[in-house]
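Chain order of the listed sequences is D and Y.
Under my numbering, the first residue of the first sequence carries the number 1, and numbering increases by one thereafter.
Under my numbering, the first residue of the second sequence carries the number 1, and numbering increases by one thereafter.
If you're looking for bench data, these hints aren't it; they were derived computationally from the structure.
Heads up, some of the hints might be wrong.
List of simulated lysine-lysine pairs, BS3-like, C-alpha gap at most 27 angstroms [to be verified]: (1) Y/K127 with D/K34; (2) D/K137 with D/K121; (3) D/K26 with Y/K111; (4) Y/K75 with D/K26; (5) D/K34 with Y/K210; (6) Y/K178 with Y/K129; (7) Y/K127 with Y/K104; (8) Y/K210 with D/K54; (9) D/K26 with Y/K171; (10) Y/K141 with Y/K181; (11) D/K37 with Y/K141; (12) Y/K127 with D/K30; (13) Y/K207 with D/K34; (14) Y/K127 with Y/K141; (15) D/K37 with Y/K98; (16) Y/K48 with Y/K87; (17) Y/K75 with Y/K87; (18) Y/K178 with D/K30; (19) Y/K127 with Y/K178; (20) Y/K129 with D/K30; (21) Y/K111 with D/K30; (22) Y/K171 with Y/K141; (23) Y/K141 with Y/K178; (24) D/K37 with Y/K171; (25) D/K34 with Y/K205; (26) D/K37 with Y/K181; (27) Y/K264 with Y/K277; (28) Y/K75 with Y/K111; (29) Y/K98 with Y/K127.
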Amino acid sequence: MNLTAPESLIFWMTLFFLIFFFLLTKFAWKPILKAVKERERNIEAAVDEAERVKQEMAKLKADNEKLLQEARAQRDQILKEARELKEQMLQEARAEAEKQRAEELAKTKQVIEAERQAALKDIHNHVAKLTVEMAEKVLRDQLADKAKQEELIRKNLSELKLN
Amino acid sequence: MKVALLRTVFRVFVLLVLFSGPFSRAQEGHSGHTEAATGEAGHAGHEKVDAGEIVAHHTGDSHEYLVEIPFLLHKTIHLPVILWTDKGLSIFSSARFKGDNEGKVVVTDDKGNRFVRIHEVIYYADKVKPGDKVSALDFDKRPLDFSFTRNALAILIVFGLLFLVLYYTVKGYRNPKKLPKGLAGFMEPVILFIRDDVAIPNLGKDKYEKFMPYLLTVFFFILFSNLVGLIPFAPFGHNLTGNILVTFVLAVFTFILTTINGNKHYWKEIFTPEVPKALWPIMVPIEILSMFTKPFALMVRLFANILAGHTIMISLVALIFILGTVYVSPVSGFFIIFMSFIELLVAFIQAYIFTILSALFIGLAIQEHEHGEHHTEETVH
């Protein structure tokens, strides 16, 4: 192998290598590595962001679920309360009605009793009056005839004798 | 539509692989060595071809840059020679050597220095005679050479290409929130691969960022060099990462980063390892040596792999000329295509290995240990 003078190529190689090492570092490697790194950081950030959003979504969903559950529970509670209230109201109404009816009934009974008593009294009086009238009529009728009066007296006397 | 286009591109590629090899290498051989000696263009088939010489010439460095498109263009660009001589800086075109590599053409610069070139190394003409046994390590016989050579130009081309590609990649990031567009869509997975599978596991999540630019630069430089080296025509087709000087510089950078970032524990393990004190005379030198063997292994592994690939490719082409028959070319062509696919794989693997081992070595130097824990730290490739 012809090497010419070794110092020649060593000199040029060192010179060119150093020149181009600094040139390439400044104009190529640094910008490229920086761009790549930046892009990787961007991608990483995007992935992190996506992960974060996903977690947030999951959290939101869980929250929603919880809210729904709560709403459902509340609805059940309200319904239950309403039912209880209804029951209670019904009960009360029923009791009230019962009471009222009983009162009414008692009152009615009293009135009926009073009426009955009044009616009975009336009837008593009426009957008494009628009886008196009848008796009067009968007596008048009987006593109109002299013979019959004497018979009656005799009969009554006979009865008295027996006694 | 796309398939048809791909098929056409593939056909052109195959043609180029089949033809550019023989033509360019043979002609390189001429212009570099034989032509100057014989002064004759000659047909490749009738010449004695020295495959070793062709391989050495392709895989090595040179002051000339051959621009060639088969059948269309064949042109040698003479790159500037930059020398640090005893009398100061001296700059002139390598064309003045007239392709000579044997020390025959003497070039005189404006300061009165006289130079000759032998096997791509420039010496003082006064201190070297043609035919002398000299090597690039004879520093007393030659000026310091900072020439902008073929491989230096190749480094610039590869880095320029990388910069261009990344310029358009960065454009795809105008809006950081959107997915990357265009080239960025192609580059980003690779960058992320380096970050997530190379840097973070070895360096730790807190400290990796500091080393990312270095690891990315090294990875893409090696990858682009390897890939560009597989394209068999100018302005590509260099043997850059198969050049030990280039991998040496890369390994030195890793070594420097490891050493200056090494924490207390790293140095403690080297100078006071957790073994009986009687073993320290043996262990401490080994530990110190291992500081250097790690980057050394990095350097040699990459260099040897890529050089081997290029050597095999050129040797396959040279086979046609060595055997002197055109009927070998389909066999060579087939194997070259086959090797190209393997080299394509090797291009990625070696870039990956260099980067991950760099990250590992730096990681071992900076990591915090829990007390009493022991680490095995050898990785073999």
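Checking one constraint from the list: CA of D/K137 to CA of D/K121, max 27 angstroms. Satisfied? holds, 24 angstroms
Does the alpha-carbon distance linking Y/K127 and D/K30 stay inside the 27 angstroms limit? violated, 51 angstroms
Decide if the proposed pair is consistent with the structure: Y/K141 and Y/K178, CA atoms, cutoff 27 angstroms inclusive. violated, 62 angstroms
Please verify whether Y/K129 and D/K30 have alpha carbons no more than 27 angstroms apart. violated, 54 angstroms
Given the proposed pairing of D/K34 with Y/K210, does the C-alpha separation stay at or below 27 angstroms? holds, 13 angstroms
Straight-line Cα separation of Y/K178 and Y/K129 no greater than 27 angstroms? violated, 68 angstroms
Straight-line alpha-carbon gap Y/K178 to D/K30, limit 27 angstroms: Holds. Y/K178 to D/K30 sits at ~18 angstroms (cutoff 27 angstroms).
Next pair to validate is Y/K207 with D/K34; report whether the Cα-Cα distance is within 27 angstroms. holds, 16 angstroms
Taking only the CA atoms, is the gap from D/K37 to Y/K141 under or equal to 27 angstroms? violated, 55 angstroms
Proposed proximity, Y/K141 with Y/K171 (alpha carbon, max 27 angstroms): violated, 51 angstroms
Does the alpha-carbon distance linking Y/K48 and Y/K87 stay inside the 27 angstroms limit? violated, 43 angstroms
Taking only the CA atoms, is the gap from Y/K111 to D/K30 under or equal to 27 angstroms? violated, 47 angstroms
In this structure, the hints that do not hold are numbers 1, 3, 4, 6, 8, 10, 11, 12, 15, 16, 17, 19, 20, 21, 22, 23, 28, in rising order.
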